[in-house]
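A.B. asks: Next come the chains, spelled out residue by residue.
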Amino acid sequence: MATAEVLVNGNQNDWSDRYYHVDQILDKPGPRTDPSFLAGEEVKKFLREACKILVIGAGGLGCEILANLALSGFKDIHVIDMDTIDISNLNRQFLFRPKDVGQPKAIVAAEFIMNRVPGVKVTPYFGKIQDKDEEYYMQFNLVICGLDSVEARRWINATLVNMVDPEEPESLKPLIDGGTEGFKGQARVILPTVTSCYECSLDMLNKPTAFPICTIANTPRLPEHCIEWASVLEWPKVFKDKKLDTDDPEHIGWLFKTASARAKEFKIEGVTWSLTQGVVKNIIPAIASTNAIIAASCCNEAFKIATSSAAYLNNYFMLIGTDGVYSFTFEHQKREDCPVCGGQALDITVNKEWTLERLIEMLIERQDVQVKKPSLTTATKQLYLQGPPQLEELTRPNLEKKVSELVEEGDYITVTARTLPFDLTLRVTYA
Amino acid sequence: MIKIWSMKKNEDAAARRKPKTSAAQIRVQKDLTELELSATMKTHFPDPADLLNFTLTITPDEGMYKGGAFVFSVNINTNYPHEPPKVKCTQTIYHPNVDLEGNVCLNILREDWKPVLNLNSVLVGLQYLFLEPNADDPLNKDAAEELRKNREQFLQNVKTSMRGGNIRGQQYDRVVAQ
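Chains as they are written, first to last, in the UniProt record's numbering: chain W, 1 to 431; chain L, 1 to 178.
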């Protein structure tokens, strides 16, 4: 590791002409550069010495992203991935070799890049993004995601939006999100709290394919129906509370055997091991060239944002390669009622002696809130819920208590009500 | 780095920081507190601090299942409302659209779920199953067959099963409302 330090701090690994092509862009302003662009040494110094970038995911997109970033001059790269390498990854995740199967993706990818591109420091973390806190994410200038899960994207999006502190410009971390599904892909730039966020566009997602449970139970026609029958109906029946682990070959084996028997009974062809795994893990075949295009777009945006050398994507780029090649760029609008970046926030001053009931009355009276029958919670406790009856009864005694006993100074109260489009956040200070 | 902050300054300066309550949690809070529970539906939270797991008891006041109390478990995961809540019947009941393991055949719980739907839609859907059992989408084939062929016998079977009786060798749970 000592050598790695030397490599990063000194520039002795930067042989002459290493950045010849990139410098064409950074040495002088072009027609589309931002007025604040400072061509020359300063921007190069920022990119190559100061800029710290986080890559989330070291899979299909992640491998491409890491290589692109390292080759375009980012030198302090961090990468997070919770997965280990599977043999089926090797066709497109080119930082991995057969000997690496079973090893953590983040660690192997980091080592490969550091060996291959001298002077670049890649810091891996083998684990979940949820293991890290705000302090960790605060150290980066930029975040790029190459994820395959909606849940992880929602988490990192909400975390970065929550981190934005109006008093601290540095707390706003641009998020570049790439995603692919077969021949289709998308890249977007999210400036938390400024542009539309990931949650704003949640309703654009296709729902995962699901078959009616009665079809699965009675009239299977497709191999997928047989596999779903095995995983949704038979597994819980036979194994009761044992959870199906889609990464366990023995579990997949049992499903495959059970689905095959059913397929035979209904004269359905096409149940295979890989289809079984594909259906239960919801795998959509990944295409290397789609990953390459989307990763290139993401890294291009990262480079432009880090250097201000050109206008960045505003804010959604989609690629459809299923029928010919089609791409479209548009500005996805921010949703006013987005549960993450929308909604109203109010600073309120509460008298230390006020009861919760008094606070609720105050909310109902306030012209700028216009709320009827509000339910109030904090991140850790329920203050007052209008329903269902059991919870209303349980929280009712709180109405008599002083707000100052229930909520600490500076804490946030989430208010929902039928009359509010989504929610209202109150930040409490005591008078 | 681009100067995003200069853009930000032009915006309404009100603090827009949000609490650490997840989007799924806020949505569940909104859905739950706005439930329109009729007299025939009751929720129970084993751990009141946990809004994501609860049971729902339906006591139909009309139709073939009148007089029964049917208990469903509702589990919501952190990917709600992208994913539907998981609903299971906790009793062994005689119903064409509920199998003996408690799986429920209701389109909005699977293939027709959309994030614009909410917990109220799910509750209404479940209630509807007891008013209009549907022989066309069977999970309990015997029950569906009976409903289609011999409605009188089906009605009789429902009554027997609700008292905890045995139908064609299958023992059902007693679900008569207290």
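Worth flagging that the hints you see were computed from the coordinates, not collected in a lab.
Among the clues, some could well be false.
As the list claims (entries may be wrong) - In silico DSSO-like links for lysine-lysine, alpha-carbon gap of 30 angstroms or less:
#	chain 1	residue 1	chain 2	residue 2
1	W	K267	L	K159
2	W	K240	L	K114
3	L	K88	W	K242
4	W	K257	L	K141
5	W	K237	L	K3
6	L	K86	W	K240
7	W	K240	L	K159
8	L	K159	W	K281
9	L	K88	W	K372
10	W	K267	L	K141
11	L	K30	W	K237
A.B. asks: Hint by hint, which ones does the structure fall short of?
C.D. replies: 1, 5, 8, 9 and 11
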